[in-house]
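Student: Chains A and V, in that order, are what the protein sequence lines are.
Just so we're on the same page, this note's numbering is the position in the first sequence counted from 1, plus 21.
Just so we're on the same page, this note's numbering is the position in the second sequence counted from 1, plus 3.
Be aware that one or more of the hints could be misleading.
Simulated coverage check for chain A against chain V, where a stretch passes if three residues somewhere in it have a Cβ under 8 angstroms from a Cβ of chain V [as the list claims (entries may be wrong)]:
id : region
1  : 122 to 128
2  : 139 to 151
3  : 167 to 179
No lab work stands behind these hints: they were computed from the structure.
Note that beta-carbon positions come from the ideal geometry of N, C-alpha and C, so glycine has one too.
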Amino acid sequence: MSKPLNPHPNQSGPGKSPSFAKLWLQNQHALGGFVCLHVPDHHLADDIIQEVAELAAERFEQYDQTRPFIGWLIGIARNRIAQAYREKGRRPIVYSSEVLDSIANAYTALQPTDDDRLEGLRQCMAKLSDRHRRVIELRYARQLTSEHIAKQVGCSPRAVISMLQRVRSALRECVSQYMETNR
Amino acid sequence: MKEPNDIPREIEDALALFFDNQASPEVCRTIHDWLEEEPSVNATIFAEYATVDRMIYEAQKTEDASAVFALLAEMEAAAEAELVVIQAEPKKPLETAKAGVRFAGKSIGKNTNIVIPKSLFYGGLAAVLLLGAGLLWAFIGGQAGVEPGSTPPDQVAEQTQSLDKPEQRQQQSTEPTPESKPTPAALVARVTGGYQASWSQPPVDGKITADQSLELTAGFAELSFSDGARVLIQAPAKIQPLTPISLRLRSGKLFATTEASGDQFIVHTPNLRLTDLGTSFGVSVDPLSGKTSTYVYSGKVHAVPVDEHGQAKGEGLMLVEDQSGTYETGSTVQPGGADRHRFVTESTEAPYIVHHTGQAKYVGRTPVNETNLDEFSSDRYCFIMLEHTGFSPRIEFDVAITEPGLYESFIDLSKPLYLDTPVDSYLVRLNTASEELVTLTGQVTFPRPVVAILASTDQRLETDELFALPDSDLSTQDGDGLEPFKPLQLVNQLDDGDSIRLSDDRRTIDYRLAAKNIDQFRVLIQGVEDQP
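The following block holds chain A by itself, in its conformation from the complex (with noise of 0.2 angstroms):
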């Protein structure tokens, strides 16, 4: 395969080829939020992501650099997750080739912005009140269920997905906003 004279202008400086490893930062959440849409369980999701990127690395070379690595990524992505789903005998989600394009588009959309938008939600995050502060460490630090996130927090486990789907959505809108004024 030969290699493109011009580099992707999102990934690197002219002339010089980018890193997996840089590329790979680049992406790597953009990534994560894809694989998440077919496998919630983020320790699922870890291992698939793990594997995307040793098989991402091994066939770097073979990466055309002309093309959104994200996209590439999410090639490597597709056929991992149908095989986990294959190996434990679960029918995948089966989404529509126009949605998958769409989401594959939207994540390529978000992609070049990854490292600012870490560092909206960092800030984002540090604007939450301690309660939902708390329920997020619990939910995503410490991987409790809902149920025992409830108990923790004397709440119901149906008003802990409400909460956490809230702070989501407070999230999410907190950090597109830090992304419009930090255009």
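Take the given structure of chain A and dock chain V to it, following the hints.
Tutor: The following block gives chain V in isolation, referenced to the frame of chain A:
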């Protein structure tokens, strides 16, 4: 950006379940259909949600990873500057990891999960091994002679666990070699909650390192160990967290649970080693006699007597759920001697109940009605139920108690109260399962001061419409309030009388309820505007 309000409620609910990993195929189908409706717009919304979800997860993990790498950096510097315990290794992978990257390969530890792809794996192997060796080094107090390359990461936990043996730790920590210098200790736990906790020397930023001696002089503190165990310390207590899976309890009480992680946890007392083989147990050590008591709430605990050097003496005793054991130096572990009410088992950070102990069980906002009446019938617990919160009654009603003190008679305890400020309402309810007279005692601490206690049947009944949950069907029988409320009953008050003590700070209620059927009273505390 499409505003959240533009997203149909049904979709918000579906996304909530989806990101909580609880989406059924139907829910997934709902999301898919929504995505298909307007792919370009809705896919962006979904991608934003999924990315935020993933980033929160990454950010939480990176925080832990950063702590580990900060430790590693410190240790590298210490190693370079002082003893050559750890040889400096290429820093490139370290810098990459500090930037927050996650790669595929081998994971180290539950929370750090720093992983490297094959192409970079070998380049990063040195740093990973350095990390493993570094942690090991920290755990053993900087013992010389550890070769970084000789400790594969997956063996670190095993070695750490073997080092958990008190006899080995004793030797290493109390006999420093002349060459050894102070070394940075490993972070093993964090303070993640508590109520009015007061430490003789508070952990800096809530971080607790290996072998740090701590004394909790007042209140309660929740520690979260890095391997997943949650430990509630009840003052006064002296503790020394040892590793991510163990601590030493010198005196006082604690409750440990690995319910969420399923991992092992070990508590060392001056004369006993308690190895948790299940999920949750309480331990107390008498500060004077050194007597150790334990109660197993679930799972199994292996209690092994140890000598002053931590050497096991005999096989000990295996305790299973609802069993307890007691041990005094020089004897054997005796079954019994502790009960489940001795320990504070609930999170001390719950927003609605700070803590409760004794024969009390907090069930949150759960209506009582015919369908679940049996669940709230018990000869062992009073149930504390949260009713309406942040509600301003703006109507006059009668209450019994508004001032601190001990109340053993409720005769003529009635005065009108008008509130136009928000209150939270709780029902404390004893509904006996048997026909026998049951007497229960307990203590509840609320997050804000008590405004009033409604003790009599009438007081409770007249305010049900205001405070009871809509689906509740509380008993309306006569005499389900607190007694004695009639002079005639004074005759029996020693046997079946109720009592309440409201603490001087108005936040804690001690109760004694005696009933053959139902006793219940309502507590109103200062409220805040109800959260959506």
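Student: For the region 167 to 179 of chain A, count the residues whose Cβ lies under 8 angstroms from any Cβ of chain V; is that count three or more?
Tutor: holds (count 9)
Student: Apply the coverage criterion to the region 139 to 151 of chain A and chain V: a residue qualifies when its Cβ sits closer than 8 angstroms to a Cβ of the chain, and three qualifying residues are needed.
Tutor: holds (count 4)
Student: Taking 8 angstroms as the Cβ threshold, is the statement that the region 122 to 128 of chain A is covered by chain V upheld or broken by the three-residue rule?
Tutor: holds (count 6)
In summary, the structure agrees with every hint in the numbered list given earlier.
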